[in-house]
Amino acid sequence: MELIEGKVWKFGDNIDTDVIIPGRFLRTFDPKELASHVMAGERPDFASIVGDGDIIVGGWNFGCGSSREQAPVSIKYSGVSAVIAKSFARIFYRNAINIGLPVIVADIESDEGDILNINLEKGIISNLTNNQTFSIAPFKEFMLNILNEKGLVNHYLREKE
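Under our numbering, the first residue of the sequence shown is numbered 335, with each subsequent residue one higher.
If you are wondering where the hints come from, they were derived from the structure by calculation, not from laboratory data. A couple of the hints might just be wrong.
[Stated by the list, open to error] Label pairs and their calculated CB-CB ranges:
id, residue 1, residue 2, range
1, ALA440, PRO365, 23 to 29 Å
2, LEU360, LEU462, 33 to 39 Å
3, ASP379, ASN482, 28 to 34 Å
[Unchecked claim] With a straight-line cut-off of 27 Å between C-alpha atoms, the simulated DSSO-like cross-links for lysine-lysine are:
id, residue 1, residue 2
4, LYS484, LYS456
5, LYS484, LYS420
6, LYS484, LYS474
7, LYS484, LYS344
8, LYS420, LYS341
Just so we're clear, the structure is a prediction, and the values are computed from it rather than from any experiment. Cβ atoms here follow ideal geometry from the backbone N, Cα and C, with glycine treated the same way.
With these hints in hand, go ahead and build the complete structure from the sequences.
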């Protein structure tokens, strides 16, 4: 997987799936329509200000709540390239990986607007704004393959070829 680099958007603890994509927007399965409402429960203007490649940095228990897959889908299709948090709800974490959205368990120091560089293969997050480097567990090859192939379904189909 190539390096991930983007601008930080900060969120706190216990960002649940109803905050990520409120229930009133679940009348569609269109990923771009879902993305147009991403984080509407926490920051209503987020979908209009997030840019391609940006990175969400959250606190503890990111993605808690329901098991709805639309939450990581809305994040991925908004252009966010990765989510870093101190911890993730287990089902959110798995759903994100399954659709090809990198989610990284790490406690890093960053401010909103900082630029991060992430190397999943080597296990390094660099904050280019404040010149700090953080070590994370390198992603295993099978996880990198799922992410590189844009999700578990594509990975499975490629394996069957």
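We went through each hint and held it up to the structure:
At roughly 26 Å, the beta carbons of ALA440 and PRO365 sit within the given window of 23 to 29 Å. For LEU360 and LEU462, the Cβ-Cβ distance of about 36 Å falls inside the hinted range of 33 to 39 Å, so the restraint holds. In this structure the supplied range 28 to 34 Å holds for ASP379 paired with ASN482, their Cβ-Cβ distance being about 32 Å. Our distance criterion of 27 Å between C-alpha atoms is met by LYS484 and LYS456, whose separation comes to about 20 Å.
Restraint check: the Cα-Cα separation between LYS484 and LYS420 comes to about 24 Å, which is no more than 27 Å; the hinted pair holds. With a C-alpha separation of about 16 Å, the suggested pairing of LYS484 with LYS474 holds against the 27 Å cut-off. Simply put, LYS484 and LYS344 have alpha-carbon atoms about 25 Å apart, close enough for the 27 Å limit, and the pair holds. Only pairs whose Cα atoms come within 27 Å are accepted, and LYS420 paired with LYS341 is accepted, the gap being roughly 18 Å.
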